[in-house]
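Just so you know, the sequences run in chain order F and C. Going by our numbering, the residue at position 50 of the first sequence is 50; the numbering climbs one at a time, nothing skipped. Going by our numbering, the residue at position 2 of the second sequence is 2; the numbering climbs one at a time, nothing skipped.
Be careful, since some hints might not be right.
Stated by the list, open to error - Restricting the straight-line Cα-Cα distance to at most 27 Å, the calculated cross-link-like pairs of lysine-lysine (DSS-like) are:
no., chain 1, residue 1, chain 2, residue 2
1, F, Lys103, C, Lys9
2, F, Lys1, C, Lys57
3, C, Lys14, C, Lys71
It is worth saying that the hints were derived from the structure and are not from the lab.
Spelled out, the chains give:
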Amino acid sequence: KNEVEQSPQNLTAQEGEFITINCSYSVGISALHWLQQHPGGGIVSLFMLSSGKKKHGRLIATINIQEKHSSLHITASHPRDSAVYICAVPYSGGGADGLTFGKGTHLIIQP
Amino acid sequence: NAGVTQTPKFRVLKTGQSMTLLCAQDMNHEYMYWYRQDPGMGLRLIHYSVGEGTTAKGEVPDGYNVSRLKKQNFLLGLESAAPSQTSVYFCASSYSWRGPYEQYFGPGTRLTVT
Numbered sequence: 001k002n003e004v005e006q007s008p009q010n011l012t013a014q015e016g017e018f019i020t021i022n023c024s025y026s027v028g029i030s031a032l033h034w035l036q037q038h039p040g041g042g043i044v045s046l047f048m049l050s051s052g053k054k055k056h057g058r059l060i061a062t063i064n065i066q067e068k069h070s071s072l073h074i075t076a077s078h079p080r081d082s083a084v085y086i087c088a089v090p091y092s093g094g095g096a097d098g099l100t101f102g103k104g105t106h107l108i109i110q111p
Numbered sequence: 001n002a003g004v005t006q007t008p009k010f011r012v013l014k015t016g017q018s019m020t021l022l023c024a025q026d027m028n029h030e031y032m033y034w035y036r037q038d039p040g041m042g043l044r045l046i047h048y049s050v051g052e053g054t055t056a057k058g059e060v061p062d063g064y065n066v067s068r069l070k071k072q073n074f075l076l077g078l079e080s081a082a083p084s085q086t087s088v089y090f091c092a093s094s095y096s097w098r099g100p101y102e103q104y105f106g107p108g109t110r111l112t113v114t
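Can you make the complete structure from the sequences, with help from the hints?
Structure follows, in structure tokens:
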């Protein structure tokens with residue numbers, strides 16, 4: 001089973017700050033997922049990436065396959081970015097048999 | 001498209017009662033998953049299905065059964081509910097045969113077992 005570690009567990013920042021959340025995993029993977037969960041519970045897929053970098057608006061995700069590490073960055077953070085961010089990888093590395101998840105990073109952006 | 005829907009949204013059971021959670025998707029996805037989310041534990045895979053008529057165990061399958069009689073539906077059953085099964089249950093689906101597989105999540109079912 002793949003093991004996923006996320007850091008930090010909790011992060012409070014001021015509006016406008018640059019945010020970085022880190023994720024490391026133990027077994028080689030086909031792709032890594034970044035998910036967002038707002039209070040109220042819905043889970044949304046932000047990124048799925050297998051190499052390099054992806055950008056969507058103010059969110060940037062990077063992955064280093066050799067080091068088994070990924071980062072999620074938020075530029076010009078805003079209070080609406082407050083949510084739990086979850087890193088996930090395939091349970092056994094492949095992809096069809098579901099995901100295993102980090103415990104999440106609880107992000108609060110203060111105005 | 002409704003995406004992934006879950007029924008019911010909330011349920012309270014007494015210990016020993018049974019129930020079935022329904023997950024439905026209208027995206028013609030082959031793969032479907034059931035996860036549970038608990039404070040401090042994160043999300044964990046219960047069971048999954050890679051196609052109609054096939055199911056497999058995930059990380060925490062004990063106390064649960066599943067069925068995938070139709071491609072669009074994935075049912076999670078609790079035969080004899082226990083307080084340890086108090087959790088939020090999420091269903092997800094993803095496309096098949098060409099990975100990697102982005103997953104689409106349902107809104108969740110909050111289950112309390114007293």
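Consistency of the hints with the structure:
1. Taking the CA atoms of F:Lys103 and C:Lys9, the gap is about 23 Å. The hint holds against a cut of 27 Å.
2. For the suggested pair F:Lys1 and C:Lys57, the alpha carbons sit about 13 Å apart, so the restraint of at most 27 Å is met.
3. For a cut-off of 27 Å, the pair hint linking C:Lys14 to C:Lys71 is broken: about 31 Å separates their Cα positions.
Violated hints amount to a single one, hint 3; each of the other numbered hints is respected by the structure.
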